[in-house]
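**Student:** Here the protein sequences come in this chain order: B and H. Take the first sequence: its position 60, counted from the start at 1, is 60 in the working numbering, and no numbers get skipped. Converting from the second sequence to the working numbering requires adding 1000 to each position, the first position being numbered 1.
A couple of the hints might just be wrong.
Claimed, not checked - Facing chain H, according to a computed beta carbon distance under 10 Å, are these residues of chain B, among others: (1) Cys13; (2) Lys20; (3) Tyr24; (4) Thr45; (5) Arg69; (6) Lys79.
It should be emphasised that the hints constitute simulated quantities derived from the structure, not laboratory data. Since this is a predicted model, take the numbers as computed values, not measurements. Here a beta-carbon is modelled for each residue, glycine too, at the ideal position from N, C-alpha and C.
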Amino acid sequence: MDTQFKKGIIEVCVLNELNKEDTYGYKLVKNLSKTLEVGESTIYTMLRRLTKDNVLDLYERASSDGPTRKYYTLTGIGKERLFTLKSEWESFSVKVNKLIGGNK
Amino acid sequence: MRRQEFIDKLKSLLEIDDADKTSLIEEYESYFDEAMADGATEEEVIAMLETPKEIAMTANEEFGTKSNSKVFREFIDEQVGAVRKGYEKVIESGKTQEVSNKINSVISNTLETVKESLKQVRKSIKESDINEKINEAVGKVQESLGKVKDINIINSFDSFVMKYDNSRIESFDIQEESLEVKVHDSNSVKLNIEVTGHENDGIIIKSLPTTMKYDVSFEGGILKINVIESNIRYSESKRMLILLPECIKNLKFETDCPIVLKCLNLSEISVSEGNSPLVIKDINYSSNVSNTEDDVKEISLGDITVKCGSGPVVIKNIKANKLDISTENGPNTIKTLDAEVVKLQLGNGPVTIKDITGGAHLYKIGSGPKTIKEISLDSLELQSDGGILSMKDVMVTKLLGDIKGTMKTLKNVSADSFEINK
């Protein structure tokens, strides 16, 4: 698959996961790799880039049984971005479905 | 492979900023912690992860902009090199005007494209996929420069060339009748601008080294440089270096700032208001060949006039027919001249004249200490207004001296005809 296209999809999934609840890198990688065929490095670099772009923010929280974890959370920009990407994706997928459906 | 080995390997392969590196390594360390807390061994965790090489590739591609800009730079340099070669050929062939008309429109289009591409590159830095944007930009520039090549660049180029060394182009702007180029000099040590312009076009070059402000304009074959501000200390490597194309015969210079001029071909240099350090060097005006109708080659030698104030002056490596230099009271060094007729009028500062060959020379020097050595001339007329005079290794057919004042040391001075009034 075209890497830019794939990255776009992964980004919307990352943002969507974080919109459900704040989480830490390891958990996010585990959750996403269940569904998406994606290497952890792609997710980690994306988290870093989105943090640099102020789409995500970071805070630390101690876990009950283990080490302090770094949690990612959506910023206001992040929420807007998720909304935009989601609506773009929906309109895109409707169009593509129409095209593919019409080929039957 | 063990955990530490994995992390070390990854660190060594990452070519990204320290902050990005730290963040990424932390995530991997925590991956190990979490997965091992879930019961996995180090080996098992490593098997789950991508290899350090794969990770580094992803991260370097995402964050490592160095290699991209390098690729872009190399590409531009290559193109500029090709353009320059073409230009030199045209100068040799003498068909500059014909060619310039032909190529003009292509150049405008190309610069427009370059401008647009650079805009996009700059814009893309704010966005995510720098890689893609840069490749796109390179593609566009490549395409338009390809067009230049299509018009047979080897025999057809007369426009402008820029060389840059650790500098980057900030913008191109095509005004109504002129081209404006801004160059940002990132290391402020060396900036070379080479303009090979058409006399008919107005070309303005604004160069912006961080420590100096100056305007360069080029109209009707005259290049004018106006240095507005300079914080650069007197050190040759840190001054503005201007390479002039052959088509420019007159240079007007308005400055109070330290300047190095490195000129290819000039008939007149005048420096106004100049009490600041000046260096003029590597002027060769002995090969101006013009073809007449009978195809007889006439060789005309150039006349060079240099006037400057009381700053330190260095004039060296000059080959000319006639040279007229006058300075005020600063320290003067005149070195390695080959000129038929020379008139030097130097002020009262310390003077060194060395390695001179030629025909008839007249040196009028003020009252500072003077060293004159390694001179080989037909005739030398020396007028000195006092001060210590030291002459060494001087060989002239005729020596005429009017030397006032104090100490004189003459060593290995020979002349067929020798006349000195003391």
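**Student:** Does each hint hold? Answer for all of them.
**Tutor:** Okay, the hints, checked on the actual structure:
1. Taken as an interface hint, B/Cys13 does not check out: its beta carbon lies about 16 Å from the nearest beta carbon of chain H, beyond 10 Å.
2. With a least beta-carbon distance of about 19 Å to chain H, the hint placing B/Lys20 at the interface is violated under the 10 Å criterion.
3. Because the closest C-beta pair between B/Tyr24 and chain H is about 7 Å apart, less than 10 Å, the hint holds.
4. At about 4 Å, the closest approach between the beta carbon of B/Thr45 and any beta carbon in chain H falls short of 10 Å, and the interface hint on this residue holds.
5. With its C-beta approaching chain H no nearer than about 7 Å, B/Arg69 sits inside the 10 Å limit, and its interface hint holds.
6. With a least beta-carbon distance of about 18 Å to chain H, the hint placing B/Lys79 at the interface is violated under the 10 Å criterion.
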